[in-house]
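Enquirer: Going by the working numbering, the sequence shown opens with residue 2, and the numbers climb by one from there.
The set of hints was computed from the structure by calculation and includes no laboratory data.
A quick note: this is a predicted structure, and the numbers were derived from the prediction, not measured.
Glycine is no exception: its CB is placed at the ideal position from the N, C-alpha and C atoms.
Estimated spans, in silico, between C-beta atoms of each pair:
id : residue 1 : residue 2 : range
1  : ILE34     : ARG104    : 14 to 24 Å
2  : HIS197    : VAL86     : 37 to 47 Å
3  : LYS36     : GLY60     : 27 to 37 Å
4  : THR29     : LYS198    : 15 to 25 Å
List of simulated lysine to aspartate or glutamate pairs, EDC-like, C-alpha gap at most 20 Å:
id : residue 1 : residue 2
5  : LYS164    : GLU10
6  : LYS164    : GLU188
7  : LYS94     : GLU114
8  : LYS94     : GLU106
9  : LYS134    : GLU73
10 : LYS38     : GLU176
11 : LYS113    : ASP98
12 : LYS38     : ASP98
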Amino acid sequence: MGKQDSLSENVTNALSELGNIGAGNAATSLSVILKSKLTMSPPHVAIHDFNSLENILGGPEVTVVGVLSTIEGDMQAMILFVVGVEDAKNMIKALLDYEIDWRSEMGMSAVKEIGNIIIGSYVASLETLSGFKIRYSQPESCVDMAGAILSVPCIEFGKISDKALLINSHFKAGEQEINGYIMMVSEIHSFNLLLHKLGIGG
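Please model the entire structure based on the sequences and the hints provided.
Expert: The following block contains the structure:
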């Protein structure tokens, strides 16, 4: 694992609340489209350095599937949903209920749809907890090495911040087990404002 910042108990509790509400929203929405009850373990929430994120995913050269969206409005950030290849296959299987080539247009469309729901759920939890008025762009999906996918938000915000909020969730849909990561990279002013809105200092 890469370097994780030590956080105060108040910050940890506030970010965990964000993770829990987002996970709850995602589980409810995904249960509808997956046509089966979805169970999700309590997410693990932490702040990490940019350069440690690729190691958390297994290394910079490991192939992963990412769904990326930009957050605008009262908060400037990027939010990225990332899963490994096997988890992507399991998501597609859970959604379509049959085997297809996970790299096919239909397979990637399924991953994008699930990623869109998960990102939307976390954005909704951000709005609920902070009172922010925010919107997110239509997500884009891609398959690439972890280092390449993570370079997009890191380049965008790397000049003004070197930290990312990482939410790791494990969920199960039917017989399919899926481990996914939500990463939010924001400008430091936006993140500090979020903490203040959550009732704690930046």
